[in-house]
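> Now for the letters of each chain:
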Amino acid sequence: MTTISDKKAWYQKQFNSFEEGLNGQKSLPIHDLRKQALEQFLTLDFPNSKNEDWKYTNIEPILNHTFETSPNKVSNQVKAKSIEAFAIADTSAQLVFVDGRFSESLSNIGVMPTGVTIKNLSDALSENNDKIQTAISERLKSNKNIFTALNSAFILDGVYIEIAEHAILEKPIYVLHVSASHETSLFNQPYNLITVGQNAQVSIVENYASLSDGSVFINSFTDIAVGADAKVDYVKIQQENTKSYHIGSTEIHQHRNSHFTHRLITSGGALVRNVIQVHLDAKGIESTLDGVYLTNGTQHVDNRTIIHHAKPNCNSHELYKGILDGKSSGVFNGKIIVHPDAQKTDAKQSNKNILLSQDAVMNTKPQLEIFADDVKCTHGATIGRLEEESLFYLRSRGIGKEQAKNMLTYAFAGEIISRVGHEPTRTYLDELLLDRLEH
Amino acid sequence: MLEIKNLHASVNGNEILHGVNLKVNAGEIHAIMGPNGSGKSTLAQILAGREDYNITEGEVIYNGKNLLDMSPEDRASEGVFLAFQYPVEIPGVNNTYFLKTALNAIRKYRGEESLDAMDFLALVKQKMKLVEMDEDLLKRPVNEGFSGGEKKRNEIFQMAVLNPKLSILDETDSGLDIDALKIVSNGVNKLRSKDNAAIVVTHYQRLLNYIVPDFVHVLVDGQIVKSGGKELALQLEEKGYDWTRETEGAAV
Ligand SMILES: Nc1ncnc2c1ncn2[C@@H]1O[C@H](COP(=O)(O)OP(=O)(O)OP(=O)(O)O)[C@@H](O)[C@H]1O
Ligand SMILES: [Mg+2]
Chain A
1 MTTISDKKAW
11 YQKQFNSFEE
21 GLNGQKSLPI
31 HDLRKQALEQ
41 FLTLDFPNSK
51 NEDWKYTNIE
61 PILNHTFETS
71 PNKVSNQVKA
81 KSIEAFAIAD
91 TSAQLVFVDG
101 RFSESLSNIG
111 VMPTGVTIKN
121 LSDALSENND
131 KIQTAISERL
141 KSNKNIFTAL
151 NSAFILDGVY
161 IEIAEHAILE
171 KPIYVLHVSA
181 SHETSLFNQP
191 YNLITVGQNA
201 QVSIVENYAS
211 LSDGSVFINS
221 FTDIAVGADA
231 KVDYVKIQQE
241 NTKSYHIGST
251 EIHQHRNSHF
261 THRLITSGGA
271 LVRNVIQVHL
281 DAKGIESTLD
291 GVYLTNGTQH
301 VDNRTIIHHA
311 KPNCNSHELY
321 KGILDGKSSG
331 VFNGKIIVHP
341 DAQKTDAKQS
351 NKNILLSQDA
361 VMNTKPQLEI
371 FADDVKCTHG
381 ATIGRLEEES
391 LFYLRSRGIG
401 KEQAKNMLTY
411 AFAGEIISRV
421 GHEPTRTYLD
431 ELLLDRLEH
Chain R
1 MLEIKNLHAS
11 VNGNEILHGV
21 NLKVNAGEIH
31 AIMGPNGSGK
41 STLAQILAGR
51 EDYNITEGEV
61 IYNGKNLLDM
71 SPEDRASEGV
81 FLAFQYPVEI
91 PGVNNTYFLK
101 TALNAIRKYR
111 GEESLDAMDF
121 LALVKQKMKL
131 VEMDEDLLKR
141 PVNEGFSGGE
151 KKRNEIFQMA
161 VLNPKLSILD
171 ETDSGLDIDA
181 LKIVSNGVNK
191 LRSKDNAAIV
201 VTHYQRLLNY
211 IVPDFVHVLV
221 DGQIVKSGGK
231 ELALQLEEKG
241 YDWTRETEGA
251 AV
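Read top to bottom, the protein sequences are chains A and R.
Following our numbering, the numbering of the first sequence begins with 1 at its first residue and continues without gaps.
Following our numbering, the numbering of the second sequence begins with 1 at its first residue and continues without gaps.
FYI, nobody ran anything at the bench for these hints, they're computed from the structure.
Possibly wrong hints are sitting among the right ones.
Said to hold, decoys possible - Residues from chain A shown here face chain R by an in silico Cβ test under 10 Å; the list is partial:
{"hint": "1", "residue": "Pro47"}
{"hint": "2", "residue": "Asn51"}
{"hint": "3", "residue": "Arg385"}
{"hint": "4", "residue": "Glu389"}
{"hint": "5", "residue": "Ser390"}
{"hint": "6", "residue": "Phe392"}
{"hint": "7", "residue": "Gly398"}
{"hint": "8", "residue": "Tyr410"}
As the list claims (entries may be wrong) - Below are the DSS-like pairs computed for lysine-lysine, each with C-alpha atoms no more than 25 Å apart in a straight line:
{"hint": "9", "chain 1": "R", "residue 1": "Lys139", "chain 2": "A", "residue 2": "Lys401"}
{"hint": "10", "chain 1": "R", "residue 1": "Lys100", "chain 2": "R", "residue 2": "Lys125"}
{"hint": "11", "chain 1": "A", "residue 1": "Lys231", "chain 2": "A", "residue 2": "Lys376"}
{"hint": "12", "chain 1": "A", "residue 1": "Lys401", "chain 2": "R", "residue 2": "Lys108"}
{"hint": "13", "chain 1": "A", "residue 1": "Lys55", "chain 2": "A", "residue 2": "Lys26"}
{"hint": "14", "chain 1": "R", "residue 1": "Lys139", "chain 2": "A", "residue 2": "Lys405"}
{"hint": "15", "chain 1": "R", "residue 1": "Lys5", "chain 2": "R", "residue 2": "Lys194"}
{"hint": "16", "chain 1": "A", "residue 1": "Lys141", "chain 2": "A", "residue 2": "Lys335"}
{"hint": "17", "chain 1": "A", "residue 1": "Lys171", "chain 2": "A", "residue 2": "Lys231"}
{"hint": "18", "chain 1": "A", "residue 1": "Lys405", "chain 2": "R", "residue 2": "Lys125"}
{"hint": "19", "chain 1": "A", "residue 1": "Lys401", "chain 2": "R", "residue 2": "Lys100"}
{"hint": "20", "chain 1": "A", "residue 1": "Lys335", "chain 2": "A", "residue 2": "Lys50"}
{"hint": "21", "chain 1": "R", "residue 1": "Lys139", "chain 2": "R", "residue 2": "Lys100"}
{"hint": "22", "chain 1": "R", "residue 1": "Lys100", "chain 2": "A", "residue 2": "Lys405"}
{"hint": "23", "chain 1": "R", "residue 1": "Lys65", "chain 2": "A", "residue 2": "Lys401"}
{"hint": "24", "chain 1": "A", "residue 1": "Lys13", "chain 2": "A", "residue 2": "Lys119"}
{"hint": "25", "chain 1": "R", "residue 1": "Lys194", "chain 2": "A", "residue 2": "Lys401"}
{"hint": "26", "chain 1": "A", "residue 1": "Lys335", "chain 2": "A", "residue 2": "Lys231"}
{"hint": "27", "chain 1": "A", "residue 1": "Lys365", "chain 2": "A", "residue 2": "Lys352"}
C-beta atoms are modelled at their ideal positions from N, C-alpha and C, and glycine is treated no differently.
Using the sequences and the hints, build the whole thing.
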């Protein structure tokens, strides 16, 4: 695959075989949207370093790989035992996807309280759910993003969560994506639609992990609508192997007085790019975006956040922390747009990084576009090394250099993890972090 | 136990220590006094293994080994302990966890078994009493937000838990109120034995009423200009450091 048109032809070919496997589902209305999305995909360009938004992230490695579309039927190769390591205790439901396809046998969705609907997207599509169709067709109207088009073209599975007004789900919904394919490099395109009604509450933990050392390309899209006075906590974990590629988009719409938190923990992946876009569409909204990324080797992690302060009296908080080792690289781009209407906006953004090696690189850039006058916007970015004073203090008490470094690194990253409300998830993340630091 | 021979040290090309000589035997307590900026902390930090200093001349022998060749953690494991003049705040690292990690690292070095949570807790409880430390401080991140006095107490508490052979206390008394000074000194005295030794850096005779030194040394401009018994501290208190300079000058 040398030229761009060859690359697109490859995806066209993948679409054809995907379509063949759809059988009866081809007659569902969503299929017209898939074809429309594919058309869009074929007309849009792949980004390159000349695009300001892609200046530091080179997607050549993804394009040069011949990823095949995941089989439409879930593989039964994966047994419960193999995913035990990724278990999180005390959740309300567990949805497991193997290579992007829902595994009923590994999942566990018990009886849900009234007003709570949790199912896999494929089932929701079969039921002709028009919420999904509306979301996709609305997006395609104005979409300029080639990866979004690709995601819609291959839309088939993911999670569908609907929390009705006033419904409260105390324990988190756990969504686990594992890649299991050894020989073939697969791509999968999860789409998640989460709708939370007025005054409702839910928390979701989404985890991407690898069961094999095969290469995988995940191009995910998540739509979240947070109703008035509702509260949504979202945790996303990326712990794939270092041959994996992950492009993830999350689009959040928040309504009056709603609270939303998003916590992103990235420890795996060869190339990871996360774009989180939040629309604060009414008054009195609280929105928090936190992230921590630990990279080593030649990993590359690109995080971007875009916060649209559209209405007055909303607060947004962002704290992203990076720990970069080896020859790895990171990007943080935090955009805050305060629209003319959005007086009394309070937006705080901070990106702190520690470079553990000479060769690690971090590019960080805040972007504030402020069109209102009575606002408080603060931003700060630091790129530093572990404090020599602290390191010496620990070592002077007998703690070896490597362990002392790990302790300080752990403490630095721990700030984000300690903010995760669900204790078992926090413990899981603690262990993930410690394990990561020791290797 | 410790022999410092003609130690010259510099930082960024500035020589701070100009040939320090000092011999400390097991069972002894040595006080080092001297004006601000004379190099007391520099000496203390070099002994603990701080890497910012260039040793341009001289050597330090500790229990027959070349101390300057050892990493800070190995020195700690061999029994060297520095109570910092300015203890470092480490956000995010829990005090108890930190101390347990330190103690077990030292035990491992010495070929001893790790202490389990129960045994560690028992030890900590006992040592906390010794310095009358508030249990709450243990649950907090290392030194973070501690008052000046609490930080100093935490240093002595760590010392009590790690049970070093050679303790270097760098102005542990400054920042302590009278009661705390008594408690901390009492703690130090209880840890005293014929097998271990201490170097106590201080500006005040006051501390030496509680921790009675066998020797007092005066460090001026990176050199020990005068040594004597505990009465030297009293003379210094009375006459000031200029007096040592004058007597030095007269001797030359
Ligand atoms: N890392 C460093 N960089 C530059 N100068 C240093 C450094 N460390 C020490 N010095 C200088 O060396 C001299 C001795 O400092 P030191 O801290 O050892 O003094 P001290 O005797 O402990 O003083 P005090 O009684 O005030 O604690 C001072 O002039 C100090 O500024
Ligand atoms: Mg000093």
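> Next, verify each hint and record whether it holds.
Evaluated hints:
no.	hint	result
1	Pro47	37 Å, violated
2	Asn51	37 Å, violated
3	Arg385	14 Å, violated
4	Glu389	5 Å, holds
5	Ser390	5 Å, holds
6	Phe392	6 Å, holds
7	Gly398	4 Å, holds
8	Tyr410	7 Å, holds
9	Lys139/R to Lys401/A	24 Å, holds
10	Lys100/R to Lys125/R	13 Å, holds
11	Lys231/A to Lys376/A	24 Å, holds
12	Lys401/A to Lys108/R	15 Å, holds
13	Lys55/A to Lys26/A	39 Å, violated
14	Lys139/R to Lys405/A	21 Å, holds
15	Lys5/R to Lys194/R	24 Å, holds
16	Lys141/A to Lys335/A	23 Å, holds
17	Lys171/A to Lys231/A	13 Å, holds
18	Lys405/A to Lys125/R	28 Å, violated
19	Lys401/A to Lys100/R	16 Å, holds
20	Lys335/A to Lys50/A	19 Å, holds
21	Lys139/R to Lys100/R	12 Å, holds
22	Lys100/R to Lys405/A	16 Å, holds
23	Lys65/R to Lys401/A	21 Å, holds
24	Lys13/A to Lys119/A	30 Å, violated
25	Lys194/R to Lys401/A	32 Å, violated
26	Lys335/A to Lys231/A	23 Å, holds
27	Lys365/A to Lys352/A	11 Å, holds
When each numbered hint is compared with the structure, violations occur for hints 1, 2, 3, 13, 18, 24, 25.
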